[in-house]
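K.L.:
If you want the building blocks of each chain, they are given just below.
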Amino acid sequence: MTDATANNDQTLAADDHHGHQPPKGLMRWVLTTNHKDIGTLYLCFSFLMFLIGGAMAMVIRAELYQPGLQIVEPNFFNQMTTVHGLIMVFGAVMPAFTGLANWLIPMMIGAPDMALPRMNNWSFWILPMAFTILLSSLFMEGGGPNFGWTFYAPLSTTYSPDSTALFVFAIHIMGISSILGAINVVVTIINMRAPGMTYMKMPLFVWTWLITAFLLIAVMPVLAATVTMVLTDKYFGTSFFEAAGGGDPVLFQHIFWFFGHPEVYIMILPSFGIISAIVPTFSRKKLFGYSSMVYATSSIALLSFVVWAHHMFTTGMPVAAELFFMYCTMLISIPTGVKVFNWVATMWRGSLTFETPMLFSIAFIVLFTIGGFSGLMLAITPADFQYHDTYFVVAHFHYVLVTGAIFSIMAAAYYWLPKWTGHMYDERLGKIHFWCSLISVNVLFFPMHFLGLAGMPRRIPDYALQFADFNQLVSIGGFAFGLSQLIFLVVLVKCVRGGEKAPAKPWEGAEGLEWEMPSPAPYHSHTTPPEIK
Amino acid sequence: MSDSLKQINRRLMLKLGSVIVLMFGFGFALVPLYDVFCEVTGLNGRTVVKAESISHQIDKTRTVRLQLMTSIAPGMPWQFEPLVKYIDVHPGENTVVKFRALNLTRELVVGQAIPSVSPGLAANYLNKTECFCFNQQPLLAGEETLMGLVFFISPDLPANIDTLTLSYTLFNVTEHYVASSAQAGI
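Note that the protein sequences, when read in sequence, are chains A and B.
The opening position of the first sequence corresponds to residue 30 in my numbering, with each subsequent residue numbered one higher.
The opening position of the second sequence corresponds to residue 15 in my numbering, with each subsequent residue numbered one higher.
Worth double-checking, as some hints may not be accurate.
[To be verified] For each label pair, taking beta carbons as the anchor points, the in silico distance ranges come out as:
#1 S165/A with R114/B: 43 to 53 angstroms
#2 G275/A with E158/B: 48 to 58 angstroms
#3 T109/B with L405/A: 21 to 31 angstroms
#4 G31/B with G275/A: 54 to 64 angstroms
#5 M359/A with G31/B: 19 to 29 angstroms
#6 G275/A with P88/B: 44 to 54 angstroms
[To be verified] Derived list of chain A stretches under chain B, where covered just means 3 residues or more per stretch with a C-beta under 8 angstroms from a C-beta of chain B:
#7 141-148
#8 427-440
I should point out that these hints are in silico values taken from the structure, not numbers from a laboratory.
All C-beta atoms in this analysis are idealised placements derived from N, C-alpha and C, irrespective of residue type, glycine included.
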C-alpha cells in the first residue's frame, strides 16, 4: 500500500514537471492539444455561429413579416437564406457535435485524450478561417453566395457572383476540418478504449458518433469533389454541369445529394446518442433495447446511401426509380421508429423528474417525430410533386434540425455543464429558456406547414397576399425564438463564472465513466485506464 | 501515450486517409458512371450518339407522332425553330425534318444544339442517322440556314408510347469554337 502511494506520488511529480495545469493566456487556446480545451473551443465557436446564423434568419423573417419588399434587396435576401443554411449546417450543428465528441468520448471510453491530439488542434483552428472567408465574401462587390446552401448548377456556375471561388474554398476547408475530426473520432474509439470497454459496452453517444464519423469519411470527400467541379466549371471552362459542353445540370443534383442525404444523418445520429444518455438518467432506469439502438443506428446509416434521389423527384425520373427511392425512404422510418419506441419504453414506469435536460429531450422526441412524419409525407412521390420547394419542406427540415439536432445539443449542454464547469447551472433560468424556446419554436415552424400546403414557395423575398397573416405569426415566433436563445447565453455565462458547486455525479440516475471523476473534470483524466465493470 | 499505440493510431489514420482519397476520386468517377448509366437506360431523355442506318421493316400498322420543340439558351442571339411543329411517322421509316436558324447579330456566332427526348425511356428508340446537333454550327452575320435531321423510330418502341417530344436547346459556344470540331462529343 505504502509502495503504491509512493509510486503514485512520483507519477504526479513527474506530471507536474512538464505542466499538469494548462498554461495561462491566449496561447493556451491556440496551441492546445487537450481534448477538453478543444471541445470547449468547438462549443464556443458553434454557439457564436448559431448566433450569427440566427441573426441572418432574423433578417429573413423581418423581410417576410409583410408582403412586398421592405427591408432588403432580393439579391441580399438570397445571400441571407444561403449563408444562414451554410452557417447553421457547417458552423453550428456539426462543430457542436464535434465539440461534444471531443469533450465526452475520451471520458466515456476511459481514454486519456483523443488519439491524434496535434491533428485535433488543426481540425479546430482551420474552421474559423473557413468561416472568415465565407462571411467576408458577403462584403465583396456582387455579394456573397446567393444560390441556396445546395448550390445547384447552373445557379452556382453560370449565374453565380464573382465571389464563388471564396465559397468553394470555404467549403473545402470546412470539409477538411470535418474529415480530420472524423478520423480522430474513429481512431480514438477503435484504439483507445480502456481494457474491458467492449464495443457493446460503449455508451450510445460513442456508438452513434462512431457511425457518424464513418458517414463523414464516406461523403465529405464527395462534397469536396462537387465544389471542385463547380469551381472548374465556373472559372476554367470545364462542362461537368454545362449542357452546351456535353454535361448535365441534373448530374449536379445526383452528386450533391449523394453527399447531402448522409449529411442529414450526420446531423442527427449524435443527437440519438445524447437522448439515449439523458432519458435513462431522468427515468432512473436502464435504456430499453441497447443493442437494438446500435443496430437501428447502423441501418439508418446504411440506408442513407440509397435514398438521395427523393430530393429530386421532380427532375423527371422514370417511375421505377421514383418508386425505388420512395420505398427506400419509407423503410428508414422503421429503425427510426425502433429508436422512438425504445425511448418511450425507457420512460415507461420510470420515476421521472423534469430537469431542463430531460425537458429538452422529451421535446426532442415529440417534435423530432413530427419532423419525421412530415418527412414521410414528402417521401410519397406524387405528394412530393405538390410539396416540392414549398414552405412545407422548410417546416419539415427545421423540425428535424432545430427541434431535433439543436434541442438535443441544448439538452447535452445542460446535462454535462456541471461536469464541464464544476457549477450547477441556474435551473429556474434553464426552465424559462426551455419553455420560451418550446412555445416560440412551434409558433415559428408549425404554421409553415400550412403555408407550404397552400403553395407558398421557399427562398423568395415576396409572397402573395393570402399568405400574409401566417407569415406575420411565423415572424413573431421567429423573433421570440431568437430572443429566447439569449437566455441560454446568460445561463452559460452564469454557470461558467460561478454557481452552486456541482458534485461528481449531479444526476442521481446517471451512469457512465464521466460521472466517476470529480466536477469539473480534471485537465488530465484517465491517465491510468479506469476499471470497467 | 506509448510508442506502440502511437504506431497503431498512425496506421489506422493512414488507412482512413486512403478511404478519403478514394471517395474524392469516386465523386469524379460518378460523372462518367452517370453518362454510361444514362446511355444504357436512356434515362434523362438523352439520345444516343449517331445511329447506324439499317434498313428496318417499316411497321405500317402503327403511327407515332414526333413533336418538335426548340428553345434558346440565354446569351444566344439566334432565331431557331422547326419548319413543322410535329410529324407523324411509321416506326422504321427514315424521315427528314428541317430547322431554320437565323443569326440576328452582325458577327459570327457558333451554336450547339443539345437534344432531349421525352418520355425519357423512349430516348433509346429515337435513332438519328444525321443531325446538325452532331456538330457545332457557325453562322456569319445575318446568315440564315436550314439544318437537317434524319431519323427513324425503332419498331421496338414500347406499344404504350404513341407520342414523343424531341426538344433542342441552342447554346452559344462561340468562345469555345474550334474550327476543326468534327466531333463535338454529342
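K.L.:
Hint by hint, say whether it matches the structure.
P.N.:
Hints and how they fare:
1. S165/A with R114/B: 43 to 53 angstroms: holds, 50 angstroms
2. G275/A with E158/B: 48 to 58 angstroms: violated, 27 angstroms
3. T109/B with L405/A: 21 to 31 angstroms: violated, 48 angstroms
4. G31/B with G275/A: 54 to 64 angstroms: violated, 33 angstroms
5. M359/A with G31/B: 19 to 29 angstroms: violated, 36 angstroms
6. G275/A with P88/B: 44 to 54 angstroms: violated, 19 angstroms
7. 141-148: Our answer is that it holds, as 5 residues pass the Cβ test (under 8 angstroms) against chain B, meeting three.
8. 427-440: violated (count 0)
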